[in-house]
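Protein chains in written order, with my numbering: chain A, 3 to 328; chain B, 3 to 328; chain C, 3 to 328; chain D, 3 to 328.
Possibly wrong hints are sitting among the right ones.
It does not matter which identical chain is meant; a pair holds if it fits inside one copy or across any two.
Stated by the list, open to error - With a cut-off of at most 20 Å between alpha-carbon atoms, the simulated SDA-like pairs for lysine to any residue come out as follows:
hint, residue 1, residue 2
1, 242, 215
2, 5, 45
3, 134, 114
4, 292, 216
5, 4, 31
6, 44, 262
7, 107, 292
8, 268, 246
9, 242, 25
10, 134, 199
11, 292, 162
12, 86, 249
13, 107, 54
14, 242, 48
15, 107, 72
16, 5, 78
17, 268, 43
18, 178, 156
If you are wondering where the hints come from, they were derived from the structure by calculation, not from laboratory data.
There are 4 protein chains.
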Amino acid sequence: MKKIGIVGFRGYSGAELAQLLSRHGGVEVFLMEHREEPTAVKGQTTMPATADAVAAAGLDGIFLATPPEVSMELAPGYLAAGAKLVDLSGAFRLGTVESYQRWYKEEHTQPELLAEAAYVLPELNRQDAVGKRLISNPGCYPTAASLALAPLVDVIDRQAGVVCDAKSGVSGAGRKASLATHFCEVTENFSAYSLLYHRHVAEVLQNTGLREAEFSFAAQLIPVHRGILETIYFRASDLKSAAEIVGMYETRYADEPFVRIYEPGKVPDLRAVTRTNFCDIGVVFDGRTKRGIVVAAIDNLVKGAAGQAIQNMNLILGFPETQGLL
Amino acid sequence: MKKIGIVGFRGYSGAELAQLLSRHGGVEVFLMEHREEPTAVKGQTTMPATADAVAAAGLDGIFLATPPEVSMELAPGYLAAGAKLVDLSGAFRLGTVESYQRWYKEEHTQPELLAEAAYVLPELNRQDAVGKRLISNPGCYPTAASLALAPLVDVIDRQAGVVCDAKSGVSGAGRKASLATHFCEVTENFSAYSLLYHRHVAEVLQNTGLREAEFSFAAQLIPVHRGILETIYFRASDLKSAAEIVGMYETRYADEPFVRIYEPGKVPDLRAVTRTNFCDIGVVFDGRTKRGIVVAAIDNLVKGAAGQAIQNMNLILGFPETQGLL
Amino acid sequence: MKKIGIVGFRGYSGAELAQLLSRHGGVEVFLMEHREEPTAVKGQTTMPATADAVAAAGLDGIFLATPPEVSMELAPGYLAAGAKLVDLSGAFRLGTVESYQRWYKEEHTQPELLAEAAYVLPELNRQDAVGKRLISNPGCYPTAASLALAPLVDVIDRQAGVVCDAKSGVSGAGRKASLATHFCEVTENFSAYSLLYHRHVAEVLQNTGLREAEFSFAAQLIPVHRGILETIYFRASDLKSAAEIVGMYETRYADEPFVRIYEPGKVPDLRAVTRTNFCDIGVVFDGRTKRGIVVAAIDNLVKGAAGQAIQNMNLILGFPETQGLL
Amino acid sequence: MKKIGIVGFRGYSGAELAQLLSRHGGVEVFLMEHREEPTAVKGQTTMPATADAVAAAGLDGIFLATPPEVSMELAPGYLAAGAKLVDLSGAFRLGTVESYQRWYKEEHTQPELLAEAAYVLPELNRQDAVGKRLISNPGCYPTAASLALAPLVDVIDRQAGVVCDAKSGVSGAGRKASLATHFCEVTENFSAYSLLYHRHVAEVLQNTGLREAEFSFAAQLIPVHRGILETIYFRASDLKSAAEIVGMYETRYADEPFVRIYEPGKVPDLRAVTRTNFCDIGVVFDGRTKRGIVVAAIDNLVKGAAGQAIQNMNLILGFPETQGLL
């Protein structure tokens, strides 16, 4: 039985972590109060989020479901106290301090940890987690986009570019109250909130090897609670059919329990993945025009956040990667 | 006072026509029963949808808010009875019988009327309505896409292609009960229902001059009642900024009361146009990568159907084009 | 042309006022900034909400779409500056200072204005507006409940009591961001937020003459933008049928343009009144058990706030009561 | 390992059964085709819903997630083939043929089975399941109302009557496509669809001992997928406080794993029970006026249908009652 803490358990990702871990079977969960006094939550007393408290409790692992600046502030002390960390923020996702500063518009205060951290999207590079004590968990949009593009990026017409039209449920905006997430502003509406310059663009480029001039991205808000669906457009002069492409995906993800490939011409809807850790992928392709579309769907709070973070925690703590997630 | 009939008044577009026309001021409205017996609707007796009844009533104009095959069946008799027609179906939208048969997968039974009909999207070709007795009203998706692309199509990199990611509210699927429109299937969901091969693709190509190999299109369902938002991606090597492009739109649509252009970098959301006849357009452009995005929004039942149909009826019956719509 | 100010125009009721007044035809609207600097809103410069500015502008009337304490703070100066007021807050709704303090849990700082103000629900007591310079506009729930109960209260079994199960769209909670109105907390949910002790109970008792021990009330949140539907249960030993009761309603509201009575056994749904100033009422009654239900529906932002406030402003400024509302 | 069939697995309750049973651990599930040819569903071949097929397969138990007339048609053959049945329809819920005919407006074709069947709401009368081969599963509304009223019915003022204002998500209307469940008719709406005379009234009266003249009921549609919330109003002259009443509930349901009682003054919202087999209950009471409100919430597809049916199947097949449901 490992002891696992969650900082940020009141946010949507943190709450999802707590719920998923309640069915894990191999962990005891500690809810950690970063800014508030310890109190009782669902019959359990929360603990302070200090490094001393981490050491005293003997935590084996901690999830940081916190903003980047809080993750940077807390990570060093927790590591010194002997805990392994999975950070759900953007603090350690980009490869360099410069890149972080360009896309996040803020100082990076932990360049050494940035160098040490492993960014791990398990289906693409789970081996990078080996021996690590700080894992940077991928962002929600990049998880779907990277899984959808990985089998394809070497066979498409790069000069034609790739378009990723991304849509997310409102929980992606976090639990903090704001006019933008007010029910009356969202219901019966649909809006684009970050065109071309979303922070997650850098992460997709890093994961896929696409260059900035080859990739267009829009983030948009659907009036639903949870889920991400990305419609990805490409051209591929050397390919012939959706069946051929689906074959490539099936080969690539043959051993992946969390990636499901649809038969040629079929694509997932949002609900297919809600409350699961699956990434569902479908492909349409027109052999005459050489134009194709990949649709990828995940639950932003599960495969896009808490679920994938548990995959990563399982990897570094020695549990089977799928434990608590099937 | 002109006498105007509506066939298909029980559908969403037909009902919208009836409601908008109640504020028109220049028309008397007759609800026409195609398949049912005349009855009382909101205190008004409906009339039969026969050509004899049209002649007897002396209708000046008729809206066909009917499926293509019904429009083809009814149009000849109505024209013979002296009424002018605006058809909201796809029956007379494509230029040739061959094109209709390819995209609609059905015989075209009225090739002569197809040759006679004028397809009119007023902001692009209102002069084509002059002297016509049969107007084909544009489809919902093509209305937004064509208005968004018209000022741009000659300055973009054609070989890079254009992507139109389109989203529609559920009323776009019509009022007929089906599992696909069941509340429980739609709420908290988002789905793509027609990728690459939607009938409206042909109409966009026809309006813009883009070739099929240069255009990708996906139609998707948002869990809202009404509205269409299209996110359109392009590359334009010779352009410098969103401001420059916005200037092109402002010039093109300077005298158009139903097209509103946003300041550079701002884009409309769905709600901006709900229950209006406006098409709102905004542009984002990155001068370094030469990649841009146009977002266009309309209400599918107004500018995408009933509102635009009234523009067209106004044109052929001699009313000011905006009457009943502002 | 009368000059009319709106304080609180950024809230949902204030914005609804501005929109409705744009079609009024008899008024020029001034948006008044209570806490912020004057700025441009939709091409119009806002004005300061000071009494001096009111006097300088020569405003004839002002809507206070503000919290009670702000209404109490602003009203004396505005009256002194010569403007007539319609207050949409609860500040002047209850008859006595004691009652206000009991139900609103706050001091009443303007007892003299409270004595002077007229609470006017036009369909019940429009004559009370005559000669008044300060009208207190009814609350949203009491408007529907009072119109539904007025024709009934003298014929029901008082000792059996009346139950009013009230449901409101989220705009009733105001535009201020809060976790309670976060889309993710509201969608796919339904919650009771004020059982038995809602402030509006006092107003219903005052309007109907029911005693507290005879009336149960629950306020509940529906996941919709706007609208109130109240399901009201009663017993009436002396009545025989829904038809008889509907007859009583028809008699009572025969000359009321904003009250629509349904045929016996039919009741309104929320959508019947959305974006209108109507109060729709339907009755079901079982002659054997003597149990009946009245369903009343209004749009909380129109008949429940801005629309009714315009009725009241029309009354005191000499416009036809329905101007701008049909 | 018991063999369990489901007739009606394409409906919402049937699909919920299949999903819940996939985690049961003690059963093998057979999907049974009543009107269609056997086919493959999620990789499993469906079987015919004939008695012969039931005998050949050796099914131990069968869930009838079918309309009443289909349940009456199928039950005799299945029983003869040796299977035990849990029927989710209304066919066997009311105690007499006369009562069935009055409330369901149809002939009852199986009076002997009606006499044999046990209506079991486990928390109220699980002992009645002993030795039975046909269990009638309670309706969704009556489940919540009966659990909410059972501890209260003997201490309330009967002559004042009880009001049950019930609201249900759209899945309660079934999966069959209809205009009433069309997304565009439901979204941003709220409607009452069965006032006073709902079939479920008879079941509540039967379970609680209330007389018809003492009970008012309204069924209403919330724009959500799933869930029922009932707001129940009563008067109780002999009671003093919510705490006292909560104590009565806690005593009554002390050993019930699926009933959760809230602290005095707190009530559940819909989401508290979504996708669970819980019935959550909260109480508000005003000691001065002697008026109180009970709020009860269940998931209509789980505790209101499939979940409770599994409780009942567990009872008659010898599994622990909670298996597959916690």
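Right, here's what the structure says about each hint:
1. 242 <-> 215: This pair counts as between: shortest inter-copy Cα distance 14 Å, intra-copy 26 Å.
2. 5 <-> 45: Intra 18 Å, inter 39 Å, cutoff 20 Å: intra-copy only.
3. 134 <-> 114: within (14 Å within a copy, 70 Å between copies)
4. 292 <-> 216: Classified as both: same-chain Cα gap 17 Å, cross-chain 10 Å, threshold 20 Å.
5. 4 <-> 31: Classified as within; 9 Å inside a copy, 36 Å across copies.
6. 44 <-> 262: Close across copies (13 Å), not inside one copy (35 Å); limit 20 Å.
7. 107 <-> 292: Neither way: residue 107 and residue 292 sit 39 Å apart in one copy and 22 Å across, limit 20 Å.
8. 268 <-> 246: The answer is within: 14 Å in one copy meets 20 Å, while 40 Å across copies does not.
9. 242 <-> 25: neither (45 Å within a copy, 42 Å between copies)
10. 134 <-> 199: Neither. Shortest intra-copy (31 Å) and inter-copy (48 Å) distances fail the 20 Å Cα cut-off.
11. 292 <-> 162: both (11 Å within a copy, 12 Å between copies)
12. 86 <-> 249: neither (38 Å within a copy, 46 Å between copies)
13. 107 <-> 54: Classified as neither: same-chain Cα gap 32 Å, cross-chain 45 Å, threshold 20 Å.
14. 242 <-> 48: neither (57 Å within a copy, 36 Å between copies)
15. 107 <-> 72: Within one copy only: 15 Å inside a chain, 40 Å across chains, cut-off 20 Å.
16. 5 <-> 78: within (19 Å within a copy, 56 Å between copies)
17. 268 <-> 43: between (44 Å within a copy, 16 Å between copies)
18. 178 <-> 156: neither (40 Å within a copy, 45 Å between copies)
Hints 7, 9, 10, 12, 13, 14, 18 from the list above are not met by this structure, while the remaining hints are.
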